[in-house]
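Protein chains in written order, with the UniProt record's numbering: chain D, 1 to 261; chain X, 1 to 261.
These aren't lab readings, by the way, just hints derived from the structure by calculation. Errors might be hidden in some of the hints.
In this list, chains with the same sequence are indistinguishable; a pair is considered to hold if it fits within one copy or across any two.
Only pairs whose alpha carbons sit at most 35 Å apart, straight line, appear in this in silico DSBU-like list of lysine-lysine [claimed, not checked]:
hint: 1; residue 1: K236; residue 2: K157
hint: 2; residue 1: K236; residue 2: K257
hint: 3; residue 1: K242; residue 2: K85
hint: 4; residue 1: K138; residue 2: K244
hint: 5; residue 1: K180; residue 2: K257
hint: 6; residue 1: K171; residue 2: K101
hint: 7; residue 1: K244; residue 2: K157
hint: 8; residue 1: K218; residue 2: K101
hint: 9; residue 1: K85; residue 2: K180
hint: 10; residue 1: K157; residue 2: K101
hint: 11; residue 1: K171; residue 2: K228
hint: 12; residue 1: K138; residue 2: K79
Number of protein chains: 2
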Amino acid sequence: MAEIHVMISSCERNVGIATAIRRKPVLANFTSKLQQTMADEDEVKLFGMWASPYSRRVELALKLKGIPFQYVEEDLSSKSCLLLKYNPVHQKIPVLVHNGKPIAESLVIMEYIDETWTNNPILPQDPYDRAMARFWAKFIDEKLLMTARKVSFASGKEKEQVIDEITEQLKLLESELQGKEYFSGPSIGYLDIVASVLVFWFGNVQEALGVDMFTQEKFPIIFGWIGKVFEIDAVKECRIPKEKHLEYIRTRLEALKSASK
Amino acid sequence: MAEIHVMISSCERNVGIATAIRRKPVLANFTSKLQQTMADEDEVKLFGMWASPYSRRVELALKLKGIPFQYVEEDLSSKSCLLLKYNPVHQKIPVLVHNGKPIAESLVIMEYIDETWTNNPILPQDPYDRAMARFWAKFIDEKLLMTARKVSFASGKEKEQVIDEITEQLKLLESELQGKEYFSGPSIGYLDIVASVLVFWFGNVQEALGVDMFTQEKFPIIFGWIGKVFEIDAVKECRIPKEKHLEYIRTRLEALKSASK
Numbered sequence: 001m002a003e004i005h006v007m008i009s010s011c012e013r014n015v016g017i018a019t020a021i022r023r024k025p026v027l028a029n030f031t032s033k034l035q036q037t038m039a040d041e042d043e044v045k046l047f048g049m050w051a052s053p054y055s056r057r058v059e060l061a062l063k064l065k066g067i068p069f070q071y072v073e074e075d076l077s078s079k080s081c082l083l084l085k086y087n088p089v090h091q092k093i094p095v096l097v098h099n100g101k102p103i104a105e106s107l108v109i110m111e112y113i114d115e116t117w118t119n120n121p122i123l124p125q126d127p128y129d130r131a132m133a134r135f136w137a138k139f140i141d142e143k144l145l146m147t148a149r150k151v152s153f154a155s156g157k158e159k160e161q162v163i164d165e166i167t168e169q170l171k172l173l174e175s176e177l178q179g180k181e182y183f184s185g186p187s188i189g190y191l192d193i194v195a196s197v198l199v200f201w202f203g204n205v206q207e208a209l210g211v212d213m214f215t216q217e218k219f220p221i222i223f224g225w226i227g228k229v230f231e232i233d234a235v236k237e238c239r240i241p242k243e244k245h246l247e248y249i250r251t252r253l254e255a256l257k258s259a260s261k
Numbered sequence: 001m002a003e004i005h006v007m008i009s010s011c012e013r014n015v016g017i018a019t020a021i022r023r024k025p026v027l028a029n030f031t032s033k034l035q036q037t038m039a040d041e042d043e044v045k046l047f048g049m050w051a052s053p054y055s056r057r058v059e060l061a062l063k064l065k066g067i068p069f070q071y072v073e074e075d076l077s078s079k080s081c082l083l084l085k086y087n088p089v090h091q092k093i094p095v096l097v098h099n100g101k102p103i104a105e106s107l108v109i110m111e112y113i114d115e116t117w118t119n120n121p122i123l124p125q126d127p128y129d130r131a132m133a134r135f136w137a138k139f140i141d142e143k144l145l146m147t148a149r150k151v152s153f154a155s156g157k158e159k160e161q162v163i164d165e166i167t168e169q170l171k172l173l174e175s176e177l178q179g180k181e182y183f184s185g186p187s188i189g190y191l192d193i194v195a196s197v198l199v200f201w202f203g204n205v206q207e208a209l210g211v212d213m214f215t216q217e218k219f220p221i222i223f224g225w226i227g228k229v230f231e232i233d234a235v236k237e238c239r240i241p242k243e244k245h246l247e248y249i250r251t252r253l254e255a256l257k258s259a260s261k
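Excised from the complex, chain D in its bound form:
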């Protein structure tokens, strides 16, 4: 699949919103192999950023369901007027715009996608299984990723403590995955898509930071799952290019260090 990343950068308040809106995103050349139930008049746009695991998970959900969409790449250092218009509260990606109506927050977007396009459900059908999927998704976003962020700023003993904390959190996920093909059961689903941050992002961040906590030896079940997940075409298409990502993380870390001096 060839993907066109369209960059809409800078709000250009002086030029006005009208000009920015005229810069229309180009339709990504996405041909789904999966059945798709979308009406022809549906217009789906995803405002994302190539290195964001939150953006990548929405992309993956759309691809797994076979929903054609326009992908709009945002320059986060100079956000577009459209992004600010569509997500005035957080001013963040990802934002899904469906027939002109914007939805922000990746977990909210994924629920919307599953409820709007009911083919290839990503959430389980049983209410208890759905609750468990939502519980672990919150755990990944509010615990694991929040702790992972702390590593960048920590040093010495504090860094060791943060790494211990992440290790404990990953052990909980390892245990949740035990005896299953995927987090969602026999096939990839909602929680796998949320956990895709471990596939797309976690390893690269660890490498850039020079830490060594997330290894196959320590987490054989999670690494087994990563191997399986990577066999899926839609996942391959969403992979974050490693060298570009490493360079991006290192540049960001340098900027953060300079800013805190």
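Fit chain X to the known structure of chain D by using the hints.
Okay, now just chain X, sitting in the frame of chain D:
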């Protein structure tokens, strides 16, 4: 409605889990006026804490849907074995236990309740409206309440900045509510239940902290909504007793200050 708050305190590891389990919670004398579709054999327990807005929102959701439940009051300074068993990841209330199966995290519990007992739906039916309700619920929990927590620790100029931040966040909610009877539309629903933290908790915390940002003058629409919400019986039943709450907050603040000295 007479409610029995059963206190199960202390894990008593020396005594063992079996003893703690024998301390059975007493069935709350709850007779619903609303239609309820629950099977007789359903057993629903809520592990909560009287001063927690997260616990109160689950209680309110159960009451609005007319689901009989046992309420188990937890002593958070000495958590019960049952709580640790049912929520080993976070070791926090609220936990809903339905026929022996535990669910943690108030927003996850509310979705579970709505999907399991489909009478008196609390979430809207339309996927976009559902997405908006979830978006604002996340905003209340991850922005407003997180900012509100900072007030306790801040002083001087920093405190002023935090108060400005909360004011901006409350303005966004005020604007979201404009032109509506309730957050959820013409009747009380999911987002109103989540926002009930403004009804049950926010005013008392503000009073105990001696700040003055959340007033009828500044937020006439939110205060109008609070007035309407308080006319609902189930809401009245979930109200946190003011004087007891003020004393509780002041004691906690003193403890926090002593700990940070």
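Hint check:
1. Neither within a single protomer nor between protomers do K236 and K157 lie at most 35 Å apart by alpha-carbon distance, with minima of 37 Å and 49 Å respectively.
2. When the C-alpha separation of K236 and K257 is checked against a cutoff of 35 Å, the pair qualifies only within one copy, where the shortest distance is 33 Å, while the shortest distance between copies is 51 Å.
3. Proximity of K242 and K85 under a CA criterion of 35 Å is satisfied intra-copy only: 32 Å inside one chain copy versus 41 Å between copies.
4. Taking the closest pair of Cα atoms, K138 and K244 come within 35 Å of each other both inside a single copy (29 Å) and across two copies (32 Å).
5. Within a single copy, K180 and K257 get their C-alpha atoms no closer than 41 Å, and across copies no closer than 47 Å, so neither meets the 35 Å cut-off.
6. With identical chains, the CA atoms of K171 and K101 are at most 35 Å apart between copies only, with a shortest distance of 22 Å across copies and 39 Å within one.
7. Within a single copy, K244 and K157 get their C-alpha atoms as close as 30 Å, which meets the 35 Å cut-off; across copies the closest is 41 Å, which misses it.
8. Proximity of K218 to K101 under the C-alpha cut-off of 35 Å is restricted to the inter-copy arrangement: shortest distance 30 Å between copies versus 44 Å within a copy.
9. With identical chains, the CA atoms of K85 and K180 are at most 35 Å apart between copies only, with a shortest distance of 22 Å across copies and 42 Å within one.
10. Neither within a single protomer nor between protomers do K157 and K101 lie at most 35 Å apart by alpha-carbon distance, with minima of 47 Å and 39 Å respectively.
11. In this assembly of identical chains, the alpha carbons of K171 and K228 lie at most 35 Å apart only when taken from the same copy (19 Å versus 47 Å across copies).
12. For the identical chains of this complex, K138 and K79 are neighbours both inside a copy (27 Å) and across copies (23 Å), given an alpha-carbon limit of 35 Å.
In the structure shown, a violation is registered for the earlier hints numbered 1, 5 and 10, in ascending order.
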